[in-house]
Structures are given as C-alpha cells and as structure tokens.
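J.: Here the protein sequences line up with chains A and B, keeping their order. Position 80 of the first sequence, counting from 1, maps to 76 under the working numbering, and the rest follow consecutively. Position 265 of the second sequence, counting from 1, maps to 261 under the working numbering, and the rest follow consecutively.
One should not assume that every hint holds.
Claimed, not checked - Quick look at which bits of chain B chain A covers, simulated, 3 or more residues with Cβ under 8 Å:
#1 27 to 40
#2 154 to 164
#3 252 to 260
#4 269 to 278
Claimed, not checked - Listing some non-contacts, in silico: residues in chain A with all C-beta distances to chain B over 10 Å:
#5 H60
#6 G158
#7 T340
What the hints contain is simulated information worked out from the structure, not anything from laboratory work. No residue lacks a Cβ here, since even glycine has one placed at the ideal position from N, Cα and C.
Protein chains: 2
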Amino acid sequence: MNTRTKQISILGSTGSIGVNALNVVRSFPDQFRLKYLSAHSQADLLIEQAREFSPAAVVISDEHQYETVKDALPGTEVLKGRAGLLDLASRDDIDIMLNGLVGSAGMEPTIRCIQAGVDVALSNKESLVMAGELINNMLTEKGVNLFPVDSEHSAIWQCLVGEAPEDIKRLVITGSGGPFRATPVAAFKDITVAQALKHPNWAMGRKITIDSATMMNKGLEVIEAYWLFHLPVDKIDIVIHPQSIIHSMVEFVDGSVKAQMGLPDMKIPIQYALTYPRHFPQTWEQLDLTKIGALTFEEPDFNKFKCLQLAFDALEGGGSLPVVLNVANEEAVYRFLKGNIPFTAIPELITKAMNTHDFLEHPDLDDILALEKWTQAFIQRS
Amino acid sequence: MNTRTKQISILGSTGSIGVNALNVVRSFPDQFRLKYLSAHSQADLLIEQAREFSPAAVVISDEHQYETVKDALPGTEVLKGRAGLLDLASRDDIDIMLNGLVGSAGMEPTIRCIQAGVDVALSNKESLVMAGELINNMLTEKGVNLFPVDSEHSAIWQCLVGEAPEDIKRLVITGSGGPFRATPVAAFKDITVAQALKHPNWAMGRKITIDSATMMNKGLEVIEAYWLFHLPVDKIDIVIHPQSIIHSMVEFVDGSVKAQMGLPDMKIPIQYALTYPRHFPQTWEQLDLTKIGALTFEEPDFNKFKCLQLAFDALEGGGSLPVVLNVANEEAVYRFLKGNIPFTAIPELITKAMNTHDFLEHPDLDDILALEKWTQAFIQRS
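Go ahead and model the full structure; you've got the sequences and the hints to work with.
T.: Laid out in structure tokens, this is it:
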C-alpha cells in the first residue's frame, strides 16, 4: 500500500458512484483524506457525509439548499451552484478527483481538473464522449492521468497493466444486453418506464439504467474506450454476455485473451481507480464461478438496438457528432422518463438531431458548450 | 519486438512442445537463431529439423541412432545419450533454453541450464515438482529467469504481468476434468488405455494425456504453481472448466479476477515464453466466444480423482514426497500404457511408494536422483 495519504475530491458524492467511493475512503482511513465533496440536490446526505469526513469544502449545486447546508456545517466552506462546482473542480491542492457526476454536466469539471494538473478518476463517460480529443490533448500537455471507473474500462485497463499498447489486437467490451435482450423489436414501442428501469444485473442510477435498456450505454462506452485506449474503431468490439461476470477483455496479437471478472458491482472498479496500481484488500462477496453456472456470449443486434448503431456512426463520423449524440440521448432519456415520449422515440430524436446540426470537424470547448445548448433545445421542442 | 536475435536451444525438439516451438522460430527468423536441438529417438525428424535450421549442435539420446544422425549431418556437432544431453543443457552461449522433455528425465537438464546462467522456458513440469526448492534457490543465486510454458502457468504468469505479488489473494488453476469427468468411479477399474488416451480438448503426448485422465496432471500443476509463484498451498485452488477456454485465473485481494483465455492449443503459451514480455503477431485461429457457447465451472472431485488428492498430500507433506509422487506416477503410467496394470492401480501404487520410502526433509540433487532410482525399481516390482 501507499505510504502517503492521498488527498481526494469526490464530485457527485450522494450518487451511487459517490456513495461507493466514500465506502472506499472509509475502509482505508490512513490512505485517503477526503478534502472536497459535491452533491447536486441531496442536501441531507451531503451534510451527513460532511459531518463524517470533515472535508475542507463542499458544493451544493441546487442553490435553493445552500442555506440549509451552510447552516448545518459551520466551519466548513460551502459553495453553491454550477459556479461553485466549477470552482471546486479547479482546485489543485488534491491528488485525485473522482468525477461521479451524471451526464454532460460532468464534462466541464473534468476539464477544469485536468487544467489544474490533478489526476481524474472518471466515472462520467460523457466527458470523453463529448470532448475526447480536447481532453486527450490536455492530458498530454499537463502530464495528468485519467483513470477509468466504468467497470468495462476498468477491466480493459487492468488487462493492459504491464502490456505494450502495440501488442493489442482488439478490445472486446462486454454488455449484458439489458432488460430487452430477448424482447422482439416489434414490442419495443410499448416498453414502459418501469420495465426499462429494471436492469437484470446492475443497480445503477436512472439515466444509465435507461441507457442500458437502449444499449446507448454500450455505444457511449465504445466512444469512451476509443479515447481512453487510443485504438481505431475497428479494433473495438462488443459482445453480449448476459451474466455480466466478464467485465471486458483484451485480445493480443498472438491470440492470447485477457479478461477481468468479478460480481456485477461497481465497488471494485471504483476502489481500483483510487488505489491503482495496487489492489487493496476487501472482504466483500467474492466471485465463485462454480456457483454462477455458465457464462454465455452472443453477437449484439445493431438492428434492434438502434442507439448502439448510432454511437458507432457518431464515432466514425467524428467531430461534433458524438456531442450531439450524447446530449440528444440525455434529453430524450429525460423526456422518456417523464412519460413524454415512447421508448422507440429515443433513437429517432437522436438521429434527427445528428442529421440537423451544423457539423464541426474539431469543436473547441466553446463550440461543445454551444452545441450542448442547441441540442438540448432541439430535443425539447422536437 | 526485440531488436536483438535470441539464441535458443530446444530440448525435446521432436515432441509436441518442440515441434510447436520450432514453428515459432520459423515464424520469426529475425528474432530467433536456433542453436541447439535434442531428440530422444526420432532420428529422421531430428535430421530434417537440423537441415532446415542448421543448429551448431544436436543430441540424439538413443545411442543406437547416433551413427545415422552423424552421417546425415556432416559439419554439425552431434552428441549422444544422456551425457550428450546434459552437456548440451550446460552450454552458456545461448539466451534461452526451451525444455520440452517429458518426465523426470527433464529435471537435470533444467538444473544444468540454470547453473550455466541461461534462462529456461520450462514445459517439463517434473523439474519443479521434483526439485522446486533446489531450483528456486539456484535461480536466485544465478539471477536466472524461469518462464512457464504450461498453458495454466502461462495464464497465471500473463495475469500477473504488472501486478504486485502481495496483491494476490489466490490462484485458480482450471482443468477440463479429462475424459472421465462424468464417468462414475465404479467404472474406473475397467478404463482401457484407448479410452484414457482420448482427451476431450487437448492434443498432447501419451504420458500427459494419461495424467489428464487421472487428473495427476492437475496435481503436478498445483505443485509447479507453488514453486513458480511462491504462494502457500491454501492459496492455490482448482476449478473444473470442461471447455478449456479459460486457462487459469488470478484473484486479487480486492476481489478483482483476471483470466487468460484462448483456444486449447499450446501454440500461444509456447510462443509467449519465447517472446515475453511481448506478444508477437500470429494469424492462427482466434478465440470467438460467441461460437463457443457457454463456459461452465465445477468443483473438482477429490474422492474420484485420487491422484489429485495425492498431489496435494505430497505438496503439504513436502520434502521428498513430491519426488516419489512424480516418479511413481510416471512408472505406473508407463505400466498402465503397456497394459500391465489397471487404471485404478495408478494411485494405489503411488500411495504405496509414498508410504514406503525413507522421507527426507530437504533432499539435495543426489538424494533426488537416488530416490528416483529407488521409486522406479519399487513401482516396477510392485
């Protein structure tokens, strides 16, 4: 284990990634010092977390709850709103920031953190989907590390430890196929919100659970893997693996395949991103393959899961397409969750936005933020 | 890839490991220079190999064929018999020796090679089973590397690249369970040589195929893993995996499990032992999990496969027990292959030899060689 305590910041501390990350910090009090916390709107939980870990500063994004948090935490610096979040993300007196924010709102904090020269443990896949080129250039320039937290990317990262990048033949990202793997496409139009929120293996937030149901999540992961591992699209494959035990694989040029496995639980990848290059001991439930029975594998169905095809189209088209893909998806998912549009409208709206927007080959941060606004408005009025 | 050509020696070049190793050398003529070859008795194939690769010297162990080989290879140094083999194994003007010899006869060449300061790619598992303690001490003293060639140990080795040994929770060695995985133990006494030679997944030599049928092979692999990876017995587990796709696994202390996979073919581990730490490109048949269907896992049955239990007993008892286990098994397997004893007599004879021999806590090389002779004689007259 490390001898030096790591100073850590957790954005999105009241979400499912954040709560798991706090468990890691709680398990290894000598290894981590929790310096900053941010929450969107769950003021009560944020206050409870701050009382336990005594961070130097916290952010509550929802400005209506600022006074409540401020009053509850005398002696703690309390910031508010988007400006407070970006301020906290820009601070350079920490070793690592875990970005557990949901959606495109997480992109700018990632960029601020890299600009501050601080390593990022990235759960917010939208950061790389929307600004992969910008972020990779910044990482090189600043000499900053970006550690994946997504279970699939953590699996690939773990399989690549000690290996030469030139020896990679392809990455194989596994996906459970979600709740509608075996549902005929003709029934997709009648899928309800409650059905889409029932993921067979993973307990996650609402937005990502819908993304798993449409398989957009797998598509976003392909785009994320593209930027994280610097491989062309044709070296990134998807395999459906309904049991979610093999979290992803790397095939090397000699035909050797390495896989990382575990029970479907975010605890391991979250902890590994914070303890890399070491594994820290935990006694949580262990994988026992003799109890799992069989691991099975299928080809993905791109005709049925149109969002998956759209993600590959956006990655191949490049430029501004992944920005529009991601923001349009986000807005369409929120409209679906509100009961506003049917399940099948999600890929339809995304396609429309991708086809309508003004394409940019190399969008800069201002372009991306402008496109985000345009796409949000476009989907809201479509 | 390496820029410098590796000088290589292959012991057992006409066996299944040796032939595969020569294919690797053939694939990468700029990377390898084949300097020495040894064969037991297949003079014709040895001559053909020597004509293709022009080694500086060859050994034919069978002295009756010495003149044939010598006459066929003018200008090549030709050695003969056990003395010739040990001479060749002691030469220090090579970078790596692949030991593809079968059985306990392979142990001394491994030791000679390490004493000469040359790295060993070890397929001969009997070397470590019989002289693990001696060999490990010598490796440290000489600063020599020992690279595993067995698919299981290669898998573990590949999973450990870049990892800290202290982070290992346990090794999980997979085994197909062999041809009699589903055979009731009551039928074991009637198992014929032909039945035992039909392995479901792997094409291998006769001795190791019988060892797979008794599961002694898995037991020897546990002992080999013990010496290779420096872990206590209780951190080495066996899981039955009939498809032989996952070649073995490592579980880390955080619950993360890494597995190495591939089609059941020795090509990959043989090549990796010669190209480590790199993977060299090959176009042989690739693993496609969607074609495999399901990967399944079971607990091993120690009551049915008594040889497996004997191997754990020998490892736990330590000292001279693994020497006797291994030699007794070898002789008993040869008696079974000759139709001399029934399948079920194999573990019975081994047990008798283990119980009868004079136990030594730390046998030296002379002790081991004397025990080998004693055990051979004991099994032959039992």
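J.: Take the hints in turn and mark each one as holding or not.
T.: Hints versus structure:
{"no.": "1", "hint": "27 to 40", "result": "violated (count 0)"}
{"no.": "2", "hint": "154 to 164", "result": "holds (count 7)"}
{"no.": "3", "hint": "252 to 260", "result": "holds (count 8)"}
{"no.": "4", "hint": "269 to 278", "result": "holds (count 7)"}
{"no.": "5", "hint": "H60", "result": "39 Å, holds"}
{"no.": "6", "hint": "G158", "result": "2 Å, violated"}
{"no.": "7", "hint": "T340", "result": "27 Å, holds"}
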